[in-house]
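*Asks:* When you get a sec, could you build the whole thing from the sequences and use the hints?
Read off the chains here:
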Amino acid sequence: MSVVFDEDPILGRAYDARLVRRLLGYVRPYTVTVSLAIALLLLASLADLAGPALYRIGIDRYIAPPAQSTGRAGAAAADFHGLAVLAAVYLAVLAFGFGARWAQSYLMQAVGQHVMADLRAQMIGHLQRLSMSFFARTPVGRLVTRVTNDVDALNELITSGAVAIFGDIFTMIGIMAVMLWMDWRLALAVFAVLPVVFVITERFRQRSRDAYRAVRTRLARINAYLNEQITGMTVTQLFTQEPRALRAFDGLNAAHLEASLGATRNFSQFYPAIQFIGALGVALLLWYGGGQIARGVATLGVLVAAIQYAERFFDPLRDLADKFNIFQAAMASSERIFRVLDEPVTVLDPPEPSALQGFRGELEFRDVWFAYRDDASPRAGIPSADGGGPRAESGPSSGDGEWALRGVSFAIRAGERVAIVGHTGAGKTSIINLITRFYDPQRGAVLVDGTDVRRLEQRDLRRHVGLVLQDVFLFSGTIADNIRLGNPEISDADVQRAAEQTGAARFIEALPRGYATVLHERGAGLSSGQKQLIAFARALAAHPEILLVLDEATSSVDAETEALIQRALGAALRGRTAIVIAHRLSTVRYVDRILVLHKGRVAEEGTHNALLAQDGIYAKLYKLQFADLD
Amino acid sequence: MRSRRFWAYIRCYRRAYFIGYAGGLVSIAMAQSSPWVLRLAVDAIRHHAGAGPLAAYAAALVALAAAEAAASYVMRWSILGAAYRVETDLRREYFAHLQRMGLAFFERTPTGDLMARAVNDIRAVQRFAGVGLMRSVHTTVMLVASVAFMLSISVRLTLWMLAILPFVTLVFLLLGREIHRRFDAVQTQFSALSARVQEMMSGIRVVKAFAREPDQLARFRDASAEVVHANLRLARAQGALWPAIGLIVGVASVVLLWQGGGAVIRGTLTLGELVQFTYYLARLSFPMIALGWVTNLWQQGRASMIRLDEIFAQPPAVADPAAPLAAGGIRGEITFRRVSVVFDGKMALRDVSLVMPAGRTVAVVGPTGAGKTTLVSLIPRIFDPTEGQVLVDGHDVRQLPLAALRSAVAVVPQEPFLFSDTLYENIGFGSPDARPAAREMVLAAAAISQIAVDAADFPLGYDTVVGERGVTLSGGQRQRATLARAVMRDPRILILDDALSSVDTQTEQAILEGLRGVMAARTSIVIAHRISTIRAADWIVVLDGGRLVDQGTHDDLIGRGGLYADLYERELVREALEADETTFADAAGGAAPQTDGDDKQDGPGR
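Chains as they are written, first to last, in our numbering: chain A, 1 to 630; chain B, 1 to 606.
Keep in mind the hints are simulated off the structure, nothing from the lab. Fair warning: this is a prediction, and the values are worked out from it, not measured in the lab. Worth double-checking, as some hints may not be accurate.
Claimed, not checked - Here's a subset of chain B near chain A, in silico, CB distances under 10 Å, partners left out:
no., residue
1, I10
2, S72
3, A211
4, E213
5, Q216
6, L247
7, A282
8, I306
9, A403
10, T482
11, L577
What the hints assert, rightly or not - Here are a few chain A residues that sit away from chain B, every Cβ distance over 12 Å (derived from the structure):
no., residue
12, A39
13, I165
14, M182
15, V518
As the list claims (entries may be wrong) - In silico negatives: residues of chain B with every beta carbon more than 10 Å from chain A:
no., residue
16, W160
17, L174
18, Q300
19, Q389
20, H395
21, G559
Note that CB positions come from ideal geometry on N, CA and C, so glycine has one too.
*Replies:* So this is what it looks like as structure tokens:
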């Protein structure tokens, strides 16, 4: 069950030329289908118009022929026959109308569905290209709503909104035309009430727009309040503020009731009013038409048909309000959709990317300054370049704390294994975010094999850089799918080999369905240690030259699994350039060198023993993080 | 609809329903009379009546239509209006009921589920109470009356109609059921699509890292194609519904022309009667559709009311005692007597006994998962112990009036929660009897908690809206705002549950300085890591794995060299690491990283 209550609905105009033009662009590929559907709609409307006309023919020719032709002998039998034929024609017209309407609605649905699928694919494709900073500031739930519910609101516009209005208008014009053609004087008698209808409808439309807006915003307010109150219920209870919260809720509730009653009153007035005016039209017809017949200018059949047309004439008007609401919701949704599509791609591939050939796996950070905030300017903490380059001691401004990395430089040889350790907030994860180009640094450069990563194609770079994250993300699908991640270049044998290297094979093969075991709900049922092993296997299966590991001391892992993970790590690091963000001393054993990050700077580096001997930051970290785990 | 609650609400508005139904009956009577006038008019025309009678008939038609419109307005307005009042009452009761639910209820019931009931189910009940109840009566009477009038004109034609029109209801129900089934399939596919988007967006880091975008896009397209397929299946059924009903009514109309016309030729029926009959056909068609529609509304309304009644059936977890003790002035002595707490089969606290004397400051320390928060949550009865007793001034907390107990206790929780309201309202949130908090008191509380400095920088000062739909505060700012809220309450017992963890060291010192005056006069319980905070306490309680492992003064505990000494040692190292340079955690506001003990600020994008 999906509930949308988190944001006040954008309630703008029901028609926005800019948005509509953009939306039409998505319908264009289906022009032929849309044209066919419209043609069918016109035919169906015509079929609807046939009923009263056939009644007229029936009455005037067979049932109650005008006075001059009465008195014919033996007319009755011919009349019966004629009537039966007429009924058969009527039946055929009805059947045709039924088919046309059905086909039309199906075709429009098909167009709507395909447009939605196109739009959704485009949104997903665009989202995939956005940088991680976008995902850091945008809740996943909101993106899901954009791609699912908002696109759905557009479908209603395409299938039941726009086309139906077209059909309604055509029906009204058709009725007017037929009536004028049958008897223009009678038609004008009916049309006499039209100005009143338009005034009433217009007033209703305006009121209903305001009422709809009021109901929607007030309901959104109630729901937002309710949602927040449920989340913070304990606070309200602890502060014994239930009565006050209830009073506030009553206020919102009453405001919504008032708006709902306003809308109801409006509707309650509109329908009977339109009905009354319809009756007024019929009365006019009767009075004026009766006179016309008496004068021999019109026939009874024409009068009856005109009465039937007049009754139908007012039906489309009633739908207008509903259509209006659909339009309004669709405009709001498309505005939100386009906002996603217009989100700029900030981490871009270069126009002429350098090719990576004979990849060795060297890594270098060259004076890298980095902040997550987009608006953090390098000037905040760094003096200008001509001032002799950034100095560590340069006067920190108030924005200084926002820097995750402040002038980090280091080089890692191909095949070298390095651990990065540091206290909370030292900038360890940022190092990984920059190597994989999840983000770009504000200043300085990250180089692989001597090439700035910004000069490479992202996909090319990431093919060579493997990543093992601390919170393992498993996709729905089988274990093999999760190791392969949909890469067709990775064979079943590769999957197994990777699993064996990391030691994951043991538990996977113990499962009844082995590699074909389907994982549900992000791998529920697997222990966190097993998930870690899958993550290692996933990274190894892609044969990366550079491996980045975020290694977390998971307290919930038993000693046996812990040993397994350690072995997997050892296997993973072998023979490639590797950076391990280490939280465990045991991890540090596998590396050639340790870099100690502190407050965004490389503070110390060396081997475990050398660093311990320094009795600096590393020694403190060792006491804090590793002491009781080892 | 068997819900007693539902009918009780309807009974509250029985006058409105009565008036509405009366209006409905009048409107039906008028609606049934106008075809009769029309018939007289048509026959009059055929027999060349003069202009006089015609004008009279026309006037009669207008009069009838006016009366019908007025009565129909009365019906809609009173019944639909009453339904909105029922909705409002129901929503109020729902909220009031939630307010009585305990923490355990909210932990086992997802907010999304509670919201779905509040949004979708209440609306479904409203629709049944309004359109459903209105149409059910209106439709039935209309049906009976139309058939009766038809019979009075021609039994033969009526039988024809009765042979054809029930197909409308039948199609509506049968096709409706099929549509419903296919709609469910659409919903299932749609949920699968949502789940896929959710997964793709949550796992975007992995997707990007392994350059798997094309594969993910392909999987998405598959899910999207399934949605299209399910929708088109639905469209085939749904697209047929109204045309099919139109077709059936049309067939009835054809039969009328054919059989009725024949009867006019034979002279057994007048043309006026035929015209009159066509009107009853129209007046019979809509009720036939409405029958199916009302059935749907009834089914949905009933299912929704059942879901709402499920919530109403939940008893309040923490209830006032049947015979509460008179709550005199609470002094604030707290005693835990052999207290154990079990959550989901796990012991959160085991057999804890201890006394916190009135007016003292007690620090509670221990590693993560030691049961510190559980211990303090028992005092204001956020939940009750599984075994043992918690006493305040010698009275079991379960014997005290809940409101009196909670008024005496103020908690600053670990995860600060602010409402989407002004900073001023948030601080004054707990002020007694809901009158606007005295400005000086709010300002004083803000000064003590050091949020006053930040408030000066907010765009609208204290009138700045904070919380989910307002300005985003940093963790430290939120903690200080919630602290101000607690101080403002002037409690006898003040509980700080790791409440200054996101506040930088200097600010913490300033806060503790300010709090000293406040805490002097009352019992304070402080869960903390920072040495400065812990050392300022009169008494220290050490928990580990749900057990009370030690208690005493700082010097006692250090002297004994147990868990406390270890924790102390590690904290010293941590503070040394952090003190290496000035922390900007709290001062920079908004997005500044916070030193709250884990790796969060290392990468917001993880």
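*Asks:* Please go over all the hints and tell whether each is borne out by the structure.
*Replies:* How the hints compare with the structure:
1. I10: violated (17 Å)
2. S72: holds (4 Å)
3. A211: holds (4 Å)
4. E213: Since chain A brings a Cβ to about 5 Å from E213(B), closer than 10 Å, the hint holds.
5. Q216: holds (7 Å)
6. L247: Hint holds; L247(B) Cβ to chain A Cβ min 4 Å, cut 10 Å.
7. A282: Holds: closest Cβ of chain A sits about 8 Å from A282(B), inside 10 Å.
8. I306: The hint is violated - I306(B) has no Cβ within 10 Å of chain A, the shortest such distance being about 15 Å.
9. A403: holds (5 Å)
10. T482: With a minimum Cβ separation of about 8 Å from chain A (threshold 10 Å), the hint on T482(B) holds.
11. L577: Given a least distance of 5 Å, the restraint on L577(B) holds.
12. A39: holds (16 Å)
13. I165: holds (16 Å)
14. M182: For M182(A), whose nearest Cβ neighbour in chain B is about 17 Å away, the distance exceeds 12 Å, so it holds.
15. V518: holds (14 Å)
16. W160: Given a closest Cβ separation of 12 Å, the condition holds.
17. L174: holds (16 Å)
18. Q300: holds (13 Å)
19. Q389: holds (20 Å)
20. H395: Consistent with the label, H395(B) stays out of reach of chain A, its closest Cβ about 18 Å off (over 10 Å).
21. G559: With a cut-off of 10 Å, G559(B) remains clear of chain A, as the shortest Cβ separation is near 22 Å.
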